[in-house]
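Engineer: Below are the chains, spelled out letter by letter.
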Amino acid sequence: MKISLIGGKRPKTAPGFSLMEMLIVVTLFSLSMLIVAQTFTSFNQLHRKIANRAIVSQDLRFAMELLVRAARNRPISYATTPAPRSSVLYLMQASGVEMQFKRSVVGEALCADLPTVACLLLSTDGGTTWVPITGKRINVEQFDVYVRPDVSPFELSGGAYPNDTQPFVTFNIRMRYMAERVKEQETLQSQTTVSSRVYFR
Amino acid sequence: MLRTHRLPGQTLIELLIASAVIVTGLFAASSLVFSNLQLSDRDADEVVAVNLAREGVELAKQVRDSNWLGGLSFDQGLRTGTDYSATPRWNGSAAVQSVVFDFTANDINATQAIVRRSTDLATPDFYTQSDPTAPVTPWRRLVIFHPICDTAGGLTYLNDGLDCGADPTVGIRVESRIEWLRKGRTSVRTIYEDLFDWR
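Listed in order, the protein sequences are those of chains C and Y.
Each number in the numbering used here comes from the position in the first sequence (counting from 1) with 976 added on.
Each number in the numbering used here comes from the position in the second sequence (counting from 1) with 5 added on.
Please note that the accuracy of each hint is not assured.
To be verified - Below 25 Å or equal to it, Euclidean Cα-Cα: the simulated SDA-like pairs (lysine to any residue) are:
no., chain 1, residue 1, chain 2, residue 2
1, C, Lys1112, Y, Arg47
2, C, Lys1078, Y, Arg59
3, C, Lys1025, Y, Gly159
4, C, Lys1159, Y, Asp125
5, C, Lys1078, Y, Asp125
6, C, Lys1159, Y, Asn72
7, C, Lys1025, Y, Arg187
Unchecked claim - Across the chosen pairs, the derived CB separations fall in these ranges:
no., chain 1, residue 1, chain 2, residue 2, range
8, C, Gln1118, Y, Gly158, 47 to 53 Å
9, Y, Ala100, C, Phe1176, 22 to 28 Å
10, Y, Lys188, C, Ser1018, 17 to 23 Å
11, C, Pro1091, Y, Gly189, 50 to 56 Å
12, C, Thr1092, Y, Thr116, 16 to 22 Å
13, C, Arg1177, Y, Phe39, 53 to 59 Å
14, C, Glu1156, Y, Asn111, 32 to 38 Å
15, Y, Ala127, C, Arg1177, 27 to 33 Å
Derived from the structure by calculation, the hints contain no laboratory data.
We put the beta carbon where it would ideally sit given N, CA and C, even for glycine.
Assemble the whole structure, with the sequences as input and the hints as a guide.
Structural biologist: Quick look at the structure:
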């Protein structure tokens, strides 16, 4: 190819691209790269959201099953009158020591988690020691326990039983996966009820 | 500007094929992502649905057990004549100390079958079917108490409108059905449990 070094006119037959062609190509390429990058980013974000949702769903399922099993097989402790709505569940173990489930305060050291997280705690020694039962970055935003009846139907009072209602407990739990980006955080709320299988009468 | 015919480059067909390959790849990747998202939605919904369905069964069990404590017939409150389709009246309120079933609903499309979410400060976000003022959720629940009759041919399970007659009713098959609508698609989950009068 013959190259002119003195800025002379290019021969009409010389191959190459004009400035306009180059500009158009660069613009189109940049645009397509931008679209691809955006798509990649949003797909990545979506994937993380899905993964976070799977984690929160798994944790909620686990916690709910643990609570249901505990409340089904152990009698409710009426040592203190249950509040209409509480964030602590008191059950009685065969050993005579209470089993308790409660929502921690936000950032509680027992959770060993982020300072913005409240976890679900379990104690099998009457509230002396606690262990978290929810995973890392799972923030228990709501843990409501509804115990009914509020007086034990199994304990005589004045020679008679105070009521004929089999104890049952309703749990309403909302959990959030605390991803670093708020957009990737996922929340799940569920409610279930369990009727006690303890028959003292 | 003129260009010679001998210049190398892509023909239109080549360009079209390349574009088609890229578009197909992107389409496949995006459909994977979106179906993953759809399945994840479904998984989260199933957690809620199964728990609500279990609640229906457990509340029925609670009524049976309370009947035992009160010395009543085990199925009292779990039928009205031969109407066995009901919705639980349980809203978490402090005034409510036991469960009652409402037999107004005859199918899952009835108003009473709509599961609502309480906005009451005493029962925040409580899923209830007995507060008509609470905001609706996509969930619907109907609990059907099929009587189990002990007939000469074995156990039979009845539907609404039928009665065991002379045969003894030995139990109830609780059918707790949850239905929900997500992006125009209706899903159903049902839990069955047989409750017998074993005491």
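Engineer: Confirm or reject each hint.
Structural biologist: A quick look at each hint next to the structure:
1. Between Lys1112/C and Arg47/Y the CA atoms are separated by roughly 24 Å; this keeps the pair inside 25 Å, and the hint holds.
2. With a C-alpha separation of about 22 Å, the suggested pair Lys1078/C and Arg59/Y falls inside the 25 Å cut-off, and the hint holds.
3. With a C-alpha separation of about 52 Å, the suggested pairing of Lys1025/C with Gly159/Y is violated against the 25 Å cut-off.
4. With a CA separation close to 29 Å, the supplied pair Lys1159/C and Asp125/Y exceeds the 25 Å bound.
5. Distance hint between Lys1078/C and Asp125/Y is fulfilled; the C-alpha atoms sit about 22 Å from each other, no more than 25 Å.
6. Taken as a hint, the Lys1159/C and Asn72/Y pair is broken in the structure, with Cα atoms around 50 Å apart against an allowance of 25 Å.
7. Distance restraint check for Lys1025/C and Arg187/Y: the Cα-Cα separation of roughly 18 Å lies within the 25 Å cut-off, and the hinted pair is therefore satisfied.
8. With their beta carbons about 50 Å apart, Gln1118/C and Gly158/Y fall inside the hinted range of 47 to 53 Å.
9. Between Ala100/Y and Phe1176/C, the C-beta spacing of about 26 Å keeps the proposed range 22 to 28 Å intact.
10. Checked against the hint of 17 to 23 Å, the C-beta distance between Lys188/Y and Ser1018/C comes to roughly 19 Å, which is consistent with it.
11. At roughly 42 Å, the beta-carbon separation of Pro1091/C and Gly189/Y lies outside the given 50 to 56 Å, and the hint is violated.
12. Checked against the hint of 16 to 22 Å, the pair Thr1092/C and Thr116/Y fails, with Cβ atoms roughly 41 Å apart.
13. The hint said 53 to 59 Å for the Cβ distance between Arg1177/C and Phe39/Y, and at roughly 55 Å that hint holds.
14. Range check, Glu1156/C to Asn111/Y: about 50 Å between beta-carbon atoms, so the 32 to 38 Å window is missed.
15. The hinted window of 27 to 33 Å between Ala127/Y and Arg1177/C holds, with their beta carbons roughly 30 Å apart.
Consistency note: the structure conflicts with the earlier hints numbered 3, 4, 6, 11, 12, 14.
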